[in-house]
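Read left to right, the sequence shown gives residues 25 to 583 (our numbering).
Please keep in mind that the hints were generated in silico from the structure rather than gathered at the bench.
Hints are all accurate, no fakes.
Cross-link-like lysine to aspartate or glutamate pairs, in silico, DMTMM-like; alpha carbons within 20 Å at most: (1) Lys136 with Glu581; (2) Lys268 with Asp305; (3) Lys268 with Asp302; (4) Lys578 with Glu448.
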Amino acid sequence: ASAIRSYTDISPGIRRRVTYCGRRPGIVGAMMRPTWSPALALIAVPSLVVAGLTAGTAQASSDSSASSSAASTATPIKHLVVIFDENISFDHYFGTYPRATNPAGEPRFVAKAGTPKVAGLSHKLLTHNPNSSNPTRLDRSQAVTCDQDHGYTAEQKAEDHGKNDKYVENTDSGDCTSQDTGEYYRKGLVMDYYDGNTVTGLWNYAQHFALSDRSFETVYGPSTPGALNLVSGQTHGVTSIDPKTGRTTARPDSYTVVDPNAQGVGTVINDPDPAYDDCSDPGYAHASMQGRSIGNLLNAKHVTWGWFQGGFTPTKRTDGKAVCGASHNAVNGQRTADYIPHHEPFEYYKSTANPHHLAPSKISMIGQTDRANHQYDLSYFGRSIKAGDMPSVSFLKPAGYQDGHAGYSDPLDEQHFLVDTINEIQKSKYWSSTAIVIAYDDSDGWYDHFPSPRSNRSNTSNDNGRCEGSHLLGGFKDRWGYGPRLPLLVVSPYSKVNFVDHSVTDQSSIIRFIEDNWGTGRIGDGSFDSIAGSLDSMFDFASPHDAKVLLDPKTGEVS
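Based on the provided sequences and hints, a complete structural model is requested.
The structure is reproduced here in structure tokens:
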């Protein structure tokens, strides 16, 4: 836990409420509504979706709603797999795409002729950057680096009113090598990037499928806000829960809840652990979220779904409670816990939580509502494929050492997970009807030069509503966005090939695709899904290509 939360020790600003909110001259705040394909336009969006489901009512309806993967869809996509990795800005992985250095002894990357350009790091940004340090290429031998400061406030300061020139002062973590053996650091590390000789697999997926260079974190901040926006488009509605009593704290914990109302309900901008999870850290005030998530909407439409996370299976039980003790070593030998509770967004909602980490009653129930309540160990995803019961919608979260988070993971271990998983799906009977989305929870504070569009005002007491943006969704505070630019790829027989999408999207665009493909309706209550850009332009539903692109998990090269 100390390694996972190491940035809280070196970055006190993460625990402060937002105190900065600047204007960005010249950036258009209003977000255009997406243009849908004819197939998506035919969706009949229900005006009312079952709300306020509890675990009990969901359980009661499960037998009568035994859903299948053959649920009606607006597109040929019958299965969506979202691989949700950690803490990468777009420039950190794709800043020089498709140009790789190709030094001797490393996997080579040579782009196809006609590969489109991305909004990446120009020669001027590499050699005369407005920050106090120029970006420097990181080698495969420097795969495990210090974790950067990725707090809600720190990232806003680094962005500096759209000039993106204060990263070293605000999100560079400082030297961690004295505490964490094997992690690489140099002054100004926060500016640095990998190329196609290290993140070879991701660059090859971009060559053969679709990459976005205009996808953003929904709001600023670390993992929990990013995970919540992935499943609900909402970071408001949090209350702090006493881990000893399980009751709402008399006085909201300031790390868990910012700008609470008279009932103690506010917004989450930090990384509190989920209230409905035995494996949450008892030393933190726990967080409970109100409202609905995409899980509730899928249940109401009887669509199979699941969240699959590494280390979710308990290693033992103490007094009936799950203990998540599984761990692995990263490539540098540093050991970290497989299961990280604040990376599991559905455990913040009582209606979708599996507090005791119970296994599904049987393999055929994966994706349906039983005692596991749609929350599973990652191993059950592979089992569902082998059993012919892969859910319609699957969210995959790798074990800690493979999630890509600096400080305890790395791009090489991350690549191993990505390639193994995507190879398995491509080899299965599901490939012809599947779309895989590779997305990230936050930027880790890594440098990105591209200005974030203003979609939503924050309107806190600290900034007096001066933040740009055409919306104040739900009237809720502390949700200033969009945040930093993140990588996003679509791997599918229906994705465009060697394509770079320039449409503006965010984490909640993934929700919007699910909602429109399965006709669930919107989450409502100020969710970002109401203004999210469409992923539709990354697909070509009329001309699918069934080519499989199997990669080597160690090198990322096409095998």
